[in-house]
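Using the hints provided, position chains B and C relative to the given structure of chain A.
Chains as they are written, first to last, in numbering that gives the first Met the number 0: chain A, 0 to 526; chain B, 0 to 456; chain C, 0 to 122.
FYI, nobody ran anything at the bench for these hints, they're computed from the structure. Keep in mind it's a predicted model, so treat the numbers as computed, not measured. Heads up, a few of these hints could be off.
Heads up, simulated DSSO-like pairs for lysine-lysine below, C-alpha to C-alpha not over 27 Å straight-line [unchecked claim]:
1. B:LYS65 <-> A:LYS150
2. B:LYS328 <-> B:LYS291
3. B:LYS328 <-> A:LYS510
4. B:LYS328 <-> C:LYS58
5. B:LYS61 <-> A:LYS121
6. B:LYS183 <-> B:LYS233
7. A:LYS510 <-> B:LYS291
8. A:LYS210 <-> C:LYS103
9. A:LYS121 <-> B:LYS65
10. C:LYS113 <-> B:LYS291
11. B:LYS66 <-> A:LYS210
12. B:LYS328 <-> B:LYS160
13. B:LYS238 <-> A:LYS121
14. B:LYS66 <-> A:LYS150
15. A:LYS210 <-> B:LYS160
16. B:LYS289 <-> A:LYS510
17. B:LYS157 <-> A:LYS330
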Amino acid sequence: MNMLSEGRPTKQEENLTMPTQDAITTHTGNRALMVDEPLIFETGSPDRSGVDLPDAPEVESRLGGLDRKAPIGVPGLSEAEMVRHYTRLSRQNYAIDVGLFPLGSCTMKHNPRLNEKMARLKGFADIHPMQPMESVQGALELIHELAEWLKLLTGMPAVAMSPKAGAHGELCGILAIRSALEARGDAREVILVPESAHGTNPATAAFAGYKVEDIPANSNGRVDLEALKARLGPDVAGVMITNPNTCGLFEPDMKAISDAVHAAGGLVYCDGANFNAIVGKVRPGDLGVDAMHINLHKTFSTPHGGGGPGSGPVVFSEALAPFAPLPIVEKMDNGHFHLIEEETAEEHHSSSFGRMVAFHGQMGMFTRALTYMLSHGADGLKQVSEDAVLNANYILRSLDDILEAPFGKSGPCMHEALFSDKGFTNGLGTLDLAKGMIDEGYHPMTMYFPLVVHGAMLVEPTETESKAAIDQFVGAFRSVAERAKAGDELLKSAPHFAPRHRLDETQAARKPALVWTEPEDFAEAAE
Amino acid sequence: MKEDKMRYLPLTPEDRQSMLATIGAQTVDDLFVDVPEEARLTGPVQGLPMHAGEMAVEAHMKALAKKNHAAGDMPFFLGAGAYRHHVPASVDHIIQRGEFLTAYTPYQPEIAQGTLQTLFEFQTQVARLFGVDVANASMYDGSTACWEAITMARRITKRSKALLSSGLHPHYVSVAKTMAKFTKDTLVYDAPQLDAATDGQRLLDQIDSDTSCIVVQYPDILGRIDNMAALAEKAKAHKALLIAVVTEPVALGAIMSPGEMGADIVVGEGQSLGVGLQFGGPYVGLFGCKEKYVRQMPGRLCGETVDAEGKRGFVLTLSTREQHIRREKATSNICTNSGLCALAFTAHMTLLGEKGLRQLATLNHKKAVQAAGRLSAISGVKLLNDSFFNEFTLVLDKDARPIVRALADQRILAGVSLGRLYPEEESLAHGLIVAVTETVSDEDVEALAVALEGALA
Amino acid sequence: MSRYFTDEHEWVEVEGDTATVGITDYAQEQLGDIVFVEVPEVGTELEQGDDAAVVESVKAASDVYAAVSGEVIEVNEALEDEPGLVNSSAEEDGWFFRLTLSDKEELEELMDEKAYKAFVDGL
Chain A
0 MNMLSEGRPT KQEENLTMPT QDAITTHTGN RALMVDEPLI FETGSPDRSG
50 VDLPDAPEVE SRLGGLDRKA PIGVPGLSEA EMVRHYTRLS RQNYAIDVGL
100 FPLGSCTMKH NPRLNEKMAR LKGFADIHPM QPMESVQGAL ELIHELAEWL
150 KLLTGMPAVA MSPKAGAHGE LCGILAIRSA LEARGDAREV ILVPESAHGT
200 NPATAAFAGY KVEDIPANSN GRVDLEALKA RLGPDVAGVM ITNPNTCGLF
250 EPDMKAISDA VHAAGGLVYC DGANFNAIVG KVRPGDLGVD AMHINLHKTF
300 STPHGGGGPG SGPVVFSEAL APFAPLPIVE KMDNGHFHLI EEETAEEHHS
350 SSFGRMVAFH GQMGMFTRAL TYMLSHGADG LKQVSEDAVL NANYILRSLD
400 DILEAPFGKS GPCMHEALFS DKGFTNGLGT LDLAKGMIDE GYHPMTMYFP
450 LVVHGAMLVE PTETESKAAI DQFVGAFRSV AERAKAGDEL LKSAPHFAPR
500 HRLDETQAAR KPALVWTEPE DFAEAAE
Chain B
0 MKEDKMRYLP LTPEDRQSML ATIGAQTVDD LFVDVPEEAR LTGPVQGLPM
50 HAGEMAVEAH MKALAKKNHA AGDMPFFLGA GAYRHHVPAS VDHIIQRGEF
100 LTAYTPYQPE IAQGTLQTLF EFQTQVARLF GVDVANASMY DGSTACWEAI
150 TMARRITKRS KALLSSGLHP HYVSVAKTMA KFTKDTLVYD APQLDAATDG
200 QRLLDQIDSD TSCIVVQYPD ILGRIDNMAA LAEKAKAHKA LLIAVVTEPV
250 ALGAIMSPGE MGADIVVGEG QSLGVGLQFG GPYVGLFGCK EKYVRQMPGR
300 LCGETVDAEG KRGFVLTLST REQHIRREKA TSNICTNSGL CALAFTAHMT
350 LLGEKGLRQL ATLNHKKAVQ AAGRLSAISG VKLLNDSFFN EFTLVLDKDA
400 RPIVRALADQ RILAGVSLGR LYPEEESLAH GLIVAVTETV SDEDVEALAV
450 ALEGALA
Chain C
0 MSRYFTDEHE WVEVEGDTAT VGITDYAQEQ LGDIVFVEVP EVGTELEQGD
50 DAAVVESVKA ASDVYAAVSG EVIEVNEALE DEPGLVNSSA EEDGWFFRLT
100 LSDKEELEEL MDEKAYKAFV DGL
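Bound conformation, chain A alone (with noise of 0.2 Å):
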């Protein structure tokens, strides 16, 4: 026979003793997939570039003089170096695509990627915002299609398209409120805001020129409606309320709160970050609300893309309707679409506030959540905050034997579950758990919010996730719950396994270095 012994070794050794992980060193440091990657400025250089330009025609420079001399001071790499520095730091982040990301009120839930196909035609991508309105016609029409979408689902006759994201959006419906009351000749000076509101609502009243004052929550972790009532008054410009609220409840008293509000002479704005919870079972516009934004990169699936960008369209009821920031899309008798700026606002939209951004808003994100809405369909979003809602519940009643839940006595909850670390001993808390959940492969939920709950844990799965991929998140929750009621030690540690273990924040607050200064000996290096 031929007995070919060479190659590589099939037959592992018996009897290996597998060393602990911390007896083994490796030269570079690195453990396999697991690489650090060193900043640019240390690994590139200002002479080296990963793009080829043609060479410039040789005429005379028109720059009055200004030419800049002093370098810059902007590292470069070529192109394969480029793509490995990204990727590499890539693999350093949790993100939706690697797994269940139940970051409470943050709506974490799967980004189609026939929404990225979409935003990136020609005929989305590649047009110039100021182009004449003839040549983007189909631009104006998904932005009016988008529009209409939004109005039928919230219930709501009018829509602000441009706003940035959330809490933009936010400040577009402040302003509305404040636009309307004083073209009424009623200037008011306080915005009231739950507790437990996030902390743009109180932010954004501040910005527009409010002062802001809290409504109490009843133990329920809802709105005190009775209270509310007794504040309410002729110095109160509105309401800013959270539906369903931060807790991940529905305030069952909304339409209450809405007609007290608007008796007593204010307006009701809604955040609508939660949206997912309701939409297409729900619409606010039912409730008496008179604005709400919307975060296309929560409830309609744009990316968050590491902190953005977001969008944040805005509703409005017919007593703000007039008073929409410009631009705004309308459909004209000849079928066309028209872009209302300053110029033409006269005639319909005199009464507009005016301008909230230098153009039309997030046009890159319409194109992707319009996309998500045809996928979905009326039928499809039903389901959406059904499954949603049905998910949070599901984790809820699995967890609730051995987490404390603050309001779960009360009912079901909407779209999140919320918990608190009581009952967590040997001085661990919310953030033990959370750092153990990312040695279990998780991205925490949320913590410590809504700031109402001592040790919150907000837990958001959305509706993209399978019973499975559920009940896998629930054992480990499960697991790391028991250790942290165990006075486990070893989560005051943790995580263990991440890319980097705790890091020190005090230092980097106290301290603040913000951009990369080239060490004195670097520079030495270098020469």
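Below, chains B and C alone, put in the same frame as chain A:
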């Protein structure tokens, strides 16, 4: 609804039943008990279509896209705050990596070092490009960054009168005016004039001890480049701040940075690098300033630190300025910013490097100089500018706006007419802003020249 | 020389017409690592109850109210480089500012050390 067609929803009817059983509910409607019954819809929202497959959706979207004139399909010369540059293929590849695309704001730094390190690199690149000490992790766009800079100057100087250059983009002025109505800031502004000189001297004369800031665009809306060192000096003497606005960051590969001329705050639109036109958004606001003002900055900041093992790492820092902590006392209400566009910007900048950026800037400038020569040789066309980067203003002997429309019908996108930007200012109606980037070919310029000759004849 | 305390966890050390103000050891313990202190400008006229300073940890910013009225005459510049002094020496080296008292009667409303200790024990 046929379950098998809902491609994004993984729960099966059996899953739903078993989960309801765990919850102790009969139907999913039992979970919506807090919603008053009269507010609960019994069926799908009326007036909207039902779900559709990929092919059907794609067909719908493509039909809309086809109704637009894509810039790449014809000679294209629009600028005025949004510029068409070639974005290398690798940049789009990087921002489509799911680990970047589908990540959230880096609140858990141990598993977000990828986003955080790129933000740190972005901040450094922006600060160096602008010639200032620090930069933040991005704003929505240039126009909102500009207003935030004005409010920041108010907080620092405790004054509320801002002098806006007539060369500031009129939409940026509009945004500031909208906000100032509510915040009671005073904005001093006049529309520009068709003059080769900027209104630098007027601004210089207007600075007084009530002035909070002077806002100057560089290059300005008409493409003019002016040294702002004298403004910086006088601002300093009156304890006011100089804010520079850069809508075309590629220019800073060729001309001195605002920081080098003494600007205190530099903001800009970063769309030129990596992001693309996208009909106006999403774009990426750039925001930098002198270090001493860092605690008054809006937006997120990424900073360097170490982990428990002493390894270098990055975190979001100085968060006490921000809304989630400071609430009504925050420096801004901004939360979500423009992270992925910032990634596109930084990746493109990394691919260019200083050498590539300077080459790109030179190429833009010289092509523009050449085009300006050709176009201003046409009878009935005058070049307004003495100096410019990749954008200049032509003064036609007819109204420019109808000509731009007529040329669009001939599939030439000729530029932005001042009539579109300043419909109220009749004296500007003959102005046409023409941008010439590296994407413009000699043939494109010739096509525009011939068409203009025809239109003016 | 005598030391007073407020129920907002500030201490006031009075010597003649001059008062030195800081936050208590109990307060720094509650706040955690202090990363930044914003002190008032010299020359500021403070009314009792005004926002006088801000003390920041990584996760929170807390307003420090003027415990007494007066004109700020000196601020602790060491805090700029070393905010951690508030943690390591809250009631000595980590003082915030000094002011000239404009109304000494305000001191009568404040607690002495013993009363403050009892107040904290009751929290």
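Going down the list of hints, with the structure as the test:
1. For a cut-off of 27 Å, the pair hint linking LYS65 (chain B) to LYS150 (chain A) stands: about 26 Å separates their Cα positions.
2. Of the pairs offered as hints, the one joining LYS328 (chain B) and LYS291 (chain B) holds, with about 20 Å between alpha carbons and a cut-off of 27 Å not exceeded.
3. Using a Cα cut-off of 27 Å, the hinted pair LYS328 (chain B) and LYS510 (chain A) holds, with the two alpha carbons roughly 23 Å apart.
4. For the proposed pair LYS328 (chain B) and LYS58 (chain C), the alpha carbon gap of about 15 Å is at most 27 Å, so the pair holds.
5. Distance hint between LYS61 (chain B) and LYS121 (chain A) is fulfilled; the C-alpha atoms sit about 10 Å from each other, no more than 27 Å.
6. Distance hint between LYS183 (chain B) and LYS233 (chain B) is fulfilled; the C-alpha atoms sit about 25 Å from each other, no more than 27 Å.
7. At roughly 13 Å between alpha-carbon atoms, LYS510 (chain A) and LYS291 (chain B) fall within 27 Å of each other, so this suggested pair holds.
8. Taken as a hint, the LYS210 (chain A) and LYS103 (chain C) pair is broken in the structure, with Cα atoms around 33 Å apart against an allowance of 27 Å.
9. As the CA atoms of LYS121 (chain A) and LYS65 (chain B) are separated by approximately 9 Å, the hinted pair is consistent with the 27 Å bound.
10. Note on LYS113 (chain C) and LYS291 (chain B): the hinted pairing is violated, with a Cα-Cα distance of about 42 Å set against a maximum of 27 Å.
11. With a C-alpha separation of about 47 Å, the suggested pair LYS66 (chain B) and LYS210 (chain A) falls outside the 27 Å cut-off, and the hint is violated.
12. Annotation: proposed proximity of LYS328 (chain B) to LYS160 (chain B) holds, straight-line Cα distance about 21 Å (limit 27 Å).
13. Between LYS238 (chain B) and LYS121 (chain A), the direct Cα distance comes to roughly 48 Å. Violation of the 27 Å bound is thereby established for this hinted pair.
14. Restraint check: the Cα-Cα separation between LYS66 (chain B) and LYS150 (chain A) comes to about 24 Å, which is no more than 27 Å; the hinted pair holds.
15. Restraint check for LYS210 (chain A) and LYS160 (chain B): the C-alpha separation of about 22 Å stays at or below 27 Å, so the hint holds.
16. Note on LYS289 (chain B) and LYS510 (chain A): the hinted pairing holds, with a Cα-Cα distance of about 16 Å set against a maximum of 27 Å.
17. Distance restraint check for LYS157 (chain B) and LYS330 (chain A): the Cα-Cα separation of roughly 46 Å exceeds the 27 Å cut-off, and the hinted pair is therefore not satisfied.
Checked against the numbered hints given earlier, this structure breaks hints 8, 10, 11, 13 and 17; the rest are met.
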